[in-house]
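Asks: Residue numbers (the numbering used here), protein chains in the order written: chain A, 369 to 483; chain B, 4 to 119.
If you are wondering where the hints come from, they were derived from the structure by calculation, not from laboratory data. All C-beta atoms, glycine included, are put in the ideal place defined by N, C-alpha and C. Treat the hints with care, as some may be off.
Calculated Cβ distances over 12 Å to all of chain A for the following chain B residues [unchecked claim]:
no., residue
1, Lys18
2, Ile23
3, Val57
4, Ser58
5, Arg64
6, Asn70
7, Lys74
8, Gln75
9, His79
10, Pro85
11, Gly86
12, Leu104
These stretches of chain B come out as covered by chain A in the derived footprint (C-beta under 8 Å, 3 or more residues) [unchecked claim]:
no., region
13, 26-35
14, 106-118
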Amino acid sequence: EAQVTQNPRYLITVTGKKLTVTCSQNMNHEYMSWYRQDPGLGLRQIYYSMNVEVTDKGDVPEGYKVSRKEKRNFPLILESPSPNQTSLYFCASSPGRGRATGELFFGEGSRLTVL
Amino acid sequence: QQQVKQSPQSLIVQKGGISIINCAYENTAFDYFPWYQQFPGKGPALLIAIRPDVSEKKEGRFTISFNKSAKQFSLHIMDSQPGDSATYFCAASMSYRGSTLGRLYFGRGTQLTVWP
Chain A
369 EAQVTQNPRY
379 LITVTGKKLT
389 VTCSQNMNHE
399 YMSWYRQDPG
409 LGLRQIYYSM
419 NVEVTDKGDV
429 PEGYKVSRKE
439 KRNFPLILES
449 PSPNQTSLYF
459 CASSPGRGRA
469 TGELFFGEGS
479 RLTVL
Chain B
4 QQQVKQSPQS
14 LIVQKGGISI
24 INCAYENTAF
34 DYFPWYQQFP
44 GKGPALLIAI
54 RPDVSEKKEG
64 RFTISFNKSA
74 KQFSLHIMDS
84 QPGDSATYFC
94 AASMSYRGST
104 LGRLYFGRGT
114 QLTVWP
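The shape of chain A in the complex, shown without the other chains (with noise of 0.2 Å):
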């Protein structure tokens, strides 16, 4: 089944307790991206990634780290969580360069806590 993955679903954590959300999707995409969602706020990016190696800031980047070794692997990294940081995130896959279709599908969210 085609699907994007992220673990874990649910995280209560510290301030300062570095914590790694993974995210892995099983298409071959080239493209994908973080989003945290906010009541009010919608959806805003995070980072993105073109491909293997090639990362971007999107909106709100500040306090997030990411890396793409893999193409089917794009982990966000919050080395010093904060509590501005609690909120709902979703990781995100779509074909890429070339394609004529801009589609993301998305993962199922990662509800994080940070006390």
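With chain A held as given, fit chain B onto it using these hints.
Replies: Just chain B now, with coordinates in the frame of chain A:
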């Protein structure tokens, strides 16, 4: 600075009615305008998308109307059904490095409720 402005924030429509959600943008470099639908507890899913070389695109009960000169686009849901109750997001992107997607900007969302 909000790149895509969406209204209304919430919308209540009776079954069988027409739901209309509006979006506006400023950056004329945008060349791809998708709409996403999100049900509670799920990730968003693409509903319909349009490029600025056409003024309207229809897929079943869903239609995008695009006004390039006004820099506005809207989603019309005809014969709205209770199953359409969800949050709808408009978005805008510009081609980047040969791909349709680069930076993708979403509106803040519209929560649609369709009463039976």
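Asks: Confirm or reject each hint.
Replies: Here's how the hints hold up against the structure:
| no. | hint | verdict |
| --- | --- | --- |
| 1 | Lys18 | holds, 27 Å |
| 2 | Ile23 | holds, 18 Å |
| 3 | Val57 | holds, 14 Å |
| 4 | Ser58 | holds, 19 Å |
| 5 | Arg64 | holds, 19 Å |
| 6 | Asn70 | holds, 21 Å |
| 7 | Lys74 | holds, 19 Å |
| 8 | Gln75 | holds, 18 Å |
| 9 | His79 | holds, 20 Å |
| 10 | Pro85 | holds, 23 Å |
| 11 | Gly86 | holds, 19 Å |
| 12 | Leu104 | violated, 5 Å |
| 13 | 26-35 | violated (count 1) |
| 14 | 106-118 | holds (count 7) |
Figure legend: structure checked against the earlier numbered hints; hints not met, in rising order: 12, 13.
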